[in-house]
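Novice: Let the sequences and hints guide you as you build the complete structure.
Listed below, chain by chain, are the residues.
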Amino acid sequence: MSIALGTETPSFELPGVDGNDHATGEYGDAKLLALVQYCNHCPYVLAWEGRLIALARDYADLGVRVVAVNSNDAARYPEDSFERMKERAEELDFPFDYLFDASQSLAQALGAERTPEVFLFDEKRRLRYHGAIDDSRDETAVSRSYLREAIDALLAGKEPPVAETEAAGCTVKWK
Amino acid sequence: MIELLFWQGCPSHPEAKALLEQVLTELGRDDQIVMTEVRSDEEAERLHFPGSPTIRVDGRDIDSMGANGHPSLTCRIYHLPDGRVSPVPSREQMEAALR
Chain R
1 MSIALGTETP SFELPGVDGN DHATGEYGDA KLLALVQYCN HCPYVLAWEG RLIALARDYA
61 DLGVRVVAVN SNDAARYPED SFERMKERAE ELDFPFDYLF DASQSLAQAL GAERTPEVFL
121 FDEKRRLRYH GAIDDSRDET AVSRSYLREA IDALLAGKEP PVAETEAAGC TVKWK
Chain B
176 MIELLFWQGC PSHPEAKALL EQVLTELGRD DQIVMTEVRS DEEAERLHFP GSPTIRVDGR
236 DIDSMGANGH PSLTCRIYHL PDGRVSPVPS REQMEAALR
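So the sequences go chain by chain: R and B.
With the working numbering, letter number 14 in the first sequence gets 14, and the count goes up by one each step, no holes.
With the working numbering, letter number 52 in the second sequence gets 227, and the count goes up by one each step, no holes.
Please note: incorrect hints may appear among the correct ones.
So, partial list: chain B residues that the calculated Cβ filter (under 8 angstroms) puts toward chain R [said to hold, decoys possible]:
1) 185
2) 186
3) 189
4) 250
5) 259
6) 260
7) 261
8) 262
9) 266
Here chain B is said to cover these stretches of chain R; the calculated rule only asks that three of the stretch's residues, wherever they fall, bring their Cβ under 8 angstroms from a Cβ of chain B [stated by the list, open to error]:
10) 35 to 46
11) 166 to 173
Quick list of simulated restraints, FRET-style, between CB atoms [as the list claims (entries may be wrong)]:
12) B/258 x R/76: 26 to 32 angstroms
13) R/82 x B/222: 29 to 35 angstroms
14) B/243 x R/4: 42 to 48 angstroms
15) R/62 x B/234: 51 to 57 angstroms
Everything labelled a hint here was simulated from the structure, so no lab data went into it.
C-beta atoms are modelled at their ideal positions from N, C-alpha and C, and glycine is treated no differently.
Specialist: Structure below.
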């Protein structure tokens with residue numbers, strides 16, 4: 001079960017595809033922190049990938065940090081191995097950190113269930129939005145951009161218009 | 176025979192089934208869709224299941240490009256005519272396989 005709204009960001013320290021370890025405190029200056037349960041192999045992730053990349057670029061200068069986290073069992077899903085993560089990030093020039101949660105501890109702490117699945121934390125690192133990036137994996141059919149709406153609201157000092165949605169995607173591949 | 180093989184861990188098969196039923200109706204066909212759940216890696220190997228959903232018409236995969244993927248309990252990747260990635264086959268793929 002996913003963490004409840006208002007819950008503090010779980011602490012983590014995980015290797016990133018950039019060769020560095022990334023810890024919770026490193027993002028302390030960010031106004032908002034979006035942890036996105038992610039992976040390489042899932043068609044739902046791939047369908048939303050362009051939109052997540054665009055969102056990360058659009059909000060980078062506004063103090064919003066997007067961090068993608070792959071917690072899948074890479075032994076059973078080799079496409080989600082750390083090496084393949086590096087290749088994917090380089091190929092698409094990810095504008096966000098892409099971390100490997102090999103122990104699955106962060107996914108467990110978040111109660112993540114799907115990829116992609118968003119956990120958006122405010123400046124005090126309390127969960128303020130959880131769920132889908134938007135309301136359709138088909139980018140031509142999107143009518144609600146939940147994550148963008150939540151970010152815009154929080155940056156303006158308001159409540160997200162929708163705080164929780166159901167994340168449609170592949171299941172997290174537990175060991 | 177029209178078969179739809181699926182794995183419950185991937186949420187795309189209801190959408191694929193609905194689209195397949197719609198295409199069958201539009202083509203004036205009343206074929207029954209044989210639904211087969213794949214539950215284990217062993218079953219995936221035995222059924223040559225490259226991911227969910229997999230649709231076969233008279234034993235032939237409607238997406239020949241992905242038909243020989245490694246058997247696995249995973250969501251299958253399809254490509255739409257415009258190049259976008261999708262977890263379900265396109266209407267065009269279904270129509271082509273059923274004509």
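Novice: Once the shortest beta carbon distance from residue 266 of chain B to chain R is found, is it less than 8 angstroms?
Specialist: This interface hint is violated because 12 angstroms lies over the 8 angstroms limit.
Novice: Does residue 261 of chain B pass the interface hint, meaning its C-beta sits closer than 8 angstroms to a C-beta of chain R?
Specialist: The hint holds - residue 261 of chain B has a Cβ within 8 angstroms of chain R, the shortest such distance being about 6 angstroms.
Novice: Against chain R, run the beta carbon of residue 186 of chain B and see if the smallest gap drops under 8 angstroms.
Specialist: 6 angstroms, holds
Novice: For the pair residue 62 of chain R and residue 234 of chain B, does the Cβ-Cβ distance stay inside 51 to 57 angstroms?
Specialist: Holds, at about 54 angstroms.
Novice: Grab the minimum C-beta distance from residue 260 of chain B to chain R and call the hint holds if it beats 8 angstroms, violated otherwise.
Specialist: Result: holds, 4 angstroms to nearest chain R Cβ.
Novice: Go ahead and decide if the range 29 to 35 angstroms is satisfied by the Cβ distance of residue 82 of chain R to residue 222 of chain B.
Specialist: 31 angstroms, holds
Novice: Just to be careful: measuring from the Cβ of residue 259 of chain B to every Cβ in chain R, is the smallest value less than 8 angstroms?
Specialist: Where the cut-off is 8 angstroms and the nearest Cβ of chain R is about 7 angstroms from residue 259 of chain B, the hint holds.
Novice: Under 8 angstroms, Cβ to Cβ, is where residue 262 of chain B needs to be relative to chain R, so tell me if that hint holds or is violated.
Specialist: Residue 262 of chain B check passes; min Cβ-Cβ to chain R is 4 angstroms, inside 8 angstroms.
Novice: Quick check on the hint: residue 250 of chain B CB to chain R CB, less than 8 angstroms?
Specialist: Since chain R brings a Cβ to about 5 angstroms from residue 250 of chain B, closer than 8 angstroms, the hint holds.
Novice: Establish whether the coverage given for the segment 166 to 173 of chain R by chain B is satisfied; the threshold is a Cβ-Cβ distance below 8 angstroms, and no fewer than three residues must meet it.
Specialist: Coverage by chain B holds for the segment 166 to 173 of chain R (4 residues, Cβ < 8 angstroms).
Novice: Using the Cβ atoms, figure out if residue 258 of chain B sits within 26 to 32 angstroms of residue 76 of chain R.
Specialist: For residue 76 of chain R against residue 258 of chain B, whose Cβ atoms are near 29 angstroms apart, the range 26 to 32 angstroms holds.
Novice: Using C-beta distances, would you say chain B covers the segment 35 to 46 of chain R, given that this needs three or more residues below 8 angstroms?
Specialist: holds (count 5)
Consistency with the previously given hints fails for numbers 3 and 9, ordered from lowest to highest.
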